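**Q** As a plain string of letters, each chain reads:
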Amino acid sequence: MTFHRVLRGVDYILLLTVLMVIAFSLIAIASATHVTTPIHVGEETELLFGVLNLSAMDIVIKQMIWTVLGVFVMGVVLFFNYEDWPKYTKALYIINVLMLLAVIFIGKTALGAQRWIAVGPFVLQPSEFAKVIIIVTFANFLANREGRLRTIKELLPAFAFIGFPMLLILMQPDLGTSLVFIAIMFGMLFMAGANPKVLGGIIGGGGLLGFGWLFAYFQNPDKVWIPLHDYQVDRLTIFLNPFRDPLGDGYHIIQSQIAIGSGGLYGKGIFSGSQNQLNFLPEQHTDFIFSVVGEELGFIGTVAVLALFFIILYRGIMIAAQAKDTFGSLLATGVVSMIVFHVLVNVGMTIGIMPVTGLPLPLFSYGGSSMMTNMIAIGILLNVCARRKKLVF
Amino acid sequence: MEQKASKKRAKVLTSLVFLVFAVLVGRLAYLQFFQVEKFTTLAKQNHMRLIPIEAPRGEMYSRDGETKIVSNKPVYTVSLVYLGLENTSQVAQRLATLLPQITTEEILQKLDQQKLRLYQPVKIAAGVSFETVQKIEEHRLEMPGVIIDVEPVRDYPQGDIAAQVLGYVRQISKEELEANKDKGYGPNDEIGKEGLERVYEEYLRGTPGARQVEVDAQGRPVRDLGISKPVPGDNLTLTLDRKLQRTAEEALAKQIERLQKDPDTPSKAGATVVVDVNTGGILAMANYPTYDPDLFVGILSTEKYNEITKIGATSNRAIEKIYNPGSTVKPLVGAAALETEAIEPEFTIYDPGYFKAEGTQKIWDWQRRALGQVDLYRGIRESVNTYFCTLGVKIGREVMTEYAKLFGLGTKLGVDLPREESGTILTPERKYDIWSSYLSEETKQEMKKLEAKYNELLDNAETKAERKRLQDRFFAELNLAANSQKEREYIWEMEWRLYDTAYMAIGQGDSKYTPLQLAMYTSAIANGGTLYKPHLVKKITDYQDKLIKEFSGPEVIRDTNVSSENLAVIREGMRQVAEAGGTAYGALYDLPVQVAAKTGTAEFNVYEEGKVVTYSDGIMIAFAPADNPEIAVATVIEYGGSGSGGAGPVVHDILASYFGGKLVDEKWVYPAEENDVLSENQR
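Taken in order, these protein sequences are the chains called A and B.
The working numbering puts the first residue of the first sequence at 1, with every later residue one more than the last.
The working numbering puts the first residue of the second sequence at 1, with every later residue one more than the last.
Calculated directly from the structure, the hints in this document are not laboratory data.
Small disclaimer: the values here were computed from a predicted structure and weren't measured.
It is possible that part of the hints are untrue.
Computed footprint of chain B on chain A; a stretch qualifies when at least three of its residues, placed anywhere within it, have a C-beta under 8 Å from a C-beta of chain B [as the list claims (entries may be wrong)]:
(1) 125-137
(2) 190-202
(3) 285-293
(4) 334-347
Ranges of calculated distance between the beta carbons of each label pair, as one might list FRET restraints [claimed, not checked]:
(5) B:T41 to A:R148: 53 to 61 Å
(6) B:Q113 to A:G248: 18 to 26 Å
(7) B:D542 to A:I59: 55 to 63 Å
(8) B:E202 to A:G248: 37 to 45 Å
Far from chain A, some chain B residues (derived; all Cβ distances over 10 Å) [unchecked claim]:
(9) V36
(10) Q260
(11) I343
(12) E456
(13) E603
(14) E609
Ideal Cβ positions, reconstructed from N, Cα and C, are used throughout, including at glycine.
When you get a sec, could you build the whole thing from the sequences and use the hints?
**A** Rendered as structure tokens:
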């Protein structure tokens with residue numbers, strides 16, 4: 001396949017939408033890291049609003065650099081024909097497991113969890129890359145088992161395939177990312193032709209079991225064992241009633257909803273949200289970046305962001321549907337599943353309908369590993385698209 | 001993969017994604033359309049702060065309207081904002097090491113008390129020294145949420161005078177905050193706790209201002225949004241005379257210290273009140289022991305507070321404590337006897353040296369000898385018990401009670417201070433209750449039965465004689481129930497006896513009055529029979545000197561309607577008290593003005609090491625000049641021994657200061673012997 005043909009096959013609507021999301025995110029990050037300098041009360045002090053300080057600017061510049069790197073990586077992914085990838089999947093799976101083990105044994109601890117390993121001057125978050133690796137390896141795994149996914153018994157190897165790396169991530173502990181694995185798995189299984197009734201049954205049954213377990217735990221916290229720390233349980237359930245601990249666990253959720261709710265239809269204007277600018281909103285350039293949009297650009301802003309994501313996902317599904325082969329279709333489905341789950345959980349968290357799990361908003365939250373992962377994912381979509389059977393769009 | 005199935009699944013996936021987005025957009029619409037107002041308010045509460053600016057409290061001026069007794073001075077205060085940070089307790093700990101007077105627990109407790117108003121600064125300490133402020137500034141970065149401010153606190157330019165009258169100001173308590181919640185008090189506000197500060201709180205307080213600022217999540221102000229200036233409180237011009245007040249306090253202190261040297265007069269406390277006889281304005285109200293009101297400014301340690309309350313220094317004895325008046329009631333009994341026409345001024349008795357009533361022991365004259373012919377003047381001048389016992393029995397208990405009340409004794413006078421006591425006038429019912437309480441349980445049971453039986457009979461009784469007969473029978477039957485001689489004595493005492501009437505006439509027994517009541521009664525005699533309402537504030541002006549309220553015309557409680565001729569007789573008797581031959585002559589003879597006075601000695605028994613020891617409070621009432629009275633004084637010295645020797649020197653110095661004379665100390669060392677001759681050291 002020629003260079004020219006690849007470029008001609010690229011889904012430019014998807015690419016453009018992705019770049020728009022990133023551009024949007026850079027503005028939001030600039031606003032989120034915008035520093036408001038305290039004044040001394042009682043003195044006639046000039047209004048010091050609107051001063052961007054250097055370290056804050058750093059973050060926007062860093063994210064731009066990550067974007068450039070991301071576009072580069074995306075290009076690289078685009079040009080290595082995905083049809084050649086299956087031969088590397090075994091190695092990828094092993095590397096993935098090794099990286100995750102490395103996190104557990106030599107990883108850096110932050111906020112009660114080990115998620116990072118240092119590679120030279122860089123700090124990497126292997127669980128981010130694990131998501132993409134699992135999409136690629138699982139797509140190959142499923143493509144080879146096409147038509148043999150009818151019964152639960154036939155599904156068991158698939159569960160084991162995903163379950164092992166997922167367990168390693170759960171041990172970090174990183175509940176959010178492990179849930180992403182589940183989303184990816186079910187999305188891909190569905191697309192691979194697994195019986196929807198069986199899948200639905202498993203999801204429903206698993207959900208019921210999970211809720212039942214949690215419920216039993218709350219009834220009798222001393223006797224019922226749960227594979228989570230107390231603080232994890234608290235953080236998982238606080239969104240149901242954030243005012244249980246308004247200054248502790250519930251603080252993020254409350255402040256985020258205040259930010260979004262007070263934004264109204266048009267928002268308070270970029271750089272003008274009191275919740276954001278005065279730092280009532282926590283982690284506003286990473287996990288809660290969507291709240292900044294909600295506060296400063298209002299309903300119009302939030303719907304615009306969601307619309308852009310919807311376009312990306314819609315194009316992703318179309319790519320999956322139009323893919324040349326099952327492997328390509330599953331790759332695209334994995335990416336779509338990953339992104340939609342991230343959007344649901346992250347945005348859901350900011351508006352109080354999902355627990356706080358620390359999942360970033362793809363392409364939007366500040367963070368290098370996340371940006372790289374998502375750009376690789378987009379690269380995969382473009383790759384599959386460029387090699388589809390016929391031009392349909 | 002089969003193309004068709006794949007497309008179908010893609011459609012399902014699209015629908016699922018669409019569903020996810022529909023849920024998100026739905027929730028966003030709910031928050032951003034329907035809950036905008038709620039969240040806008042919450043956001044404002046987050047970042048808009050009203051920082052109250054305390055209004056300087058109104059000041060208090062001496063009678064002259066120029067000398068400040070209470071004013072304000074600026075001091076540093078340290079406040080802390082709870083930032084919802086986990087390290088608040090660390091900050092509190094840090095702060096506690098820099099503020100020696102307060103512990104970490106106390107700081108956290110203060111924060112806790114204000115949970116309702118999170119993010120509002122909580123005042124931790126006022127009156128913080130400049131050095132401490134500097135230290136805090138040096139460590140500012142390690143202590144987020146600490147705010148240093150300058151605010152006005154109380155200052156006492158005249159030093160420690162009139163502490164109990166002025167009262168003090170402290171941070172509002174939870175209960176007070178609850179009680180005053182519709183008056184705009186905040187948990188950091190100060191409120192007048194005692195004295196004039198408490199009574200005139202609404203005037204003195206002023207209107208607090210506020211600065212609206214925008215703050216960040218750390219509570220740091222980022223923008224000034226506006227200010228409303230505080231309005232200072234109104235100023236009080238008091239009736240108190242700074243100089244006279246000072247003299248009164250010093251005289252009390254010196255006299256009590258002098259008395260303490262004598263084991264017979266182990267005095268620890270006393271009070272004196274000086275009033276303007278023509279207005280009821282209080283010129284001086286002094287107490288001993290006393291304290292420096294400056295103690296209540298800034299940080300007050302518990303030990304220091306306990307120290308002054310333990311000795312009773314915060315008590316305004318002049319209005320809060322009640323005393324047996326002793327012989328100082330004799331002029332009143334005289335006036336009552338004249339007014340009810342029980343006697344003429346010339347009414348004379350032959351005094352054998354004692355009064356004897358109804359088979360009881362003799363009530364002796366303090367002179368303990370036959371005095372011969374005694375008329376009203378001599379009776380007052382030499383404080384003759386026999387004469388007044390005779391008058392008392394002549395006019396009876398009811399008349400004496402009526403006149404006591406008429407002159408404001410045993411009733412609340414409505415002075416503009418908190419905690420005024422009403423005093424008590426002994427009644428037969430009260431005497432019955434007092435003595436019956438000493439009876440044994442069995443006898444009490446019996447008494448209750450008898451009471452039930454005889455109350456019914458008494459209700460049906462028709463004639464006075466019949467009632468008397470039933471009462472006698474009641475006591476006779478109760479007497480039979482008694483199981484000891486001692487109890488029979490108590491039962492005897494349960495009845496009102498003529499003896500009690502006689503006792504009442506010389507100010508012994510269980511009728512007790514405040515020093516202020518004695519002063520007001522004295523001034524009513526002095527001014528020709530008008531009982532004015534005692535007060536401490538002459539006028540109230542706002543901070544720009546505009547008149548808010550003036551108490552120009554004196555407020556009359558009542559006109560006693562005792563004829564001026566009769567009062568003139570009493571005044572003449574009292575004038576003679578301060579003349580040669582009078583009981584107060586020794587104490588007051590050298591004053592440059594004619595004084596009218598009356599001494600009083602009120603005995604009481606104290607158990608000391610198993611023995612009954614008798615001590616006396618020394619009381620003196622006086623007014624001057626005798627012919628055209630201006631001021632009246634009442635002084636009570638606990639354990640003072642006698643009226644003249646105990647209270648006399650205090651009255652002397654007050655009058656000397658007012659009319660220009662030498663103080664006791666400037667005169668000579670007080671000659672105890674000379675005084676003994678004339679004092680009523682025994683009755």
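**Q** The structure should be examined with respect to each hint, and the outcome stated for every one.
**A** Here's how the hints hold up against the structure:
1. 125-137: violated (count 0)
2. 190-202: This one holds; 4 residues, not fewer than the three required, reach chain B with a Cβ under 8 Å.
3. 285-293: Coverage by chain B is violated here, the residue count being 0 at a Cβ distance below 8 Å.
4. 334-347: Coverage by chain B holds here, the residue count being 5 at a Cβ distance below 8 Å.
5. B:T41 to A:R148: 53 to 61 Å: This hint holds: roughly 59 Å between Cβ atoms.
6. B:Q113 to A:G248: 18 to 26 Å: Taking Cβ atoms as reference, Q113 of chain B and G248 of chain A lie about 20 Å apart, which means the hint holds.
7. B:D542 to A:I59: 55 to 63 Å: Because 57 Å falls inside the window, the suggested range holds.
8. B:E202 to A:G248: 37 to 45 Å: Holds: the Cβ-Cβ distance is about 42 Å, inside 37 to 45 Å.
9. V36: violated (4 Å)
10. Q260: holds (53 Å)
11. I343: holds (76 Å)
12. E456: The assertion about E456 of chain B holds, with a minimum of 67 Å to chain A.
13. E603: At about 65 Å from chain A, E603 of chain B clears the 10 Å cut-off, so the statement holds.
14. E609: The claim holds: E609 of chain B sits with its nearest Cβ about 63 Å from chain A, beyond 10 Å.
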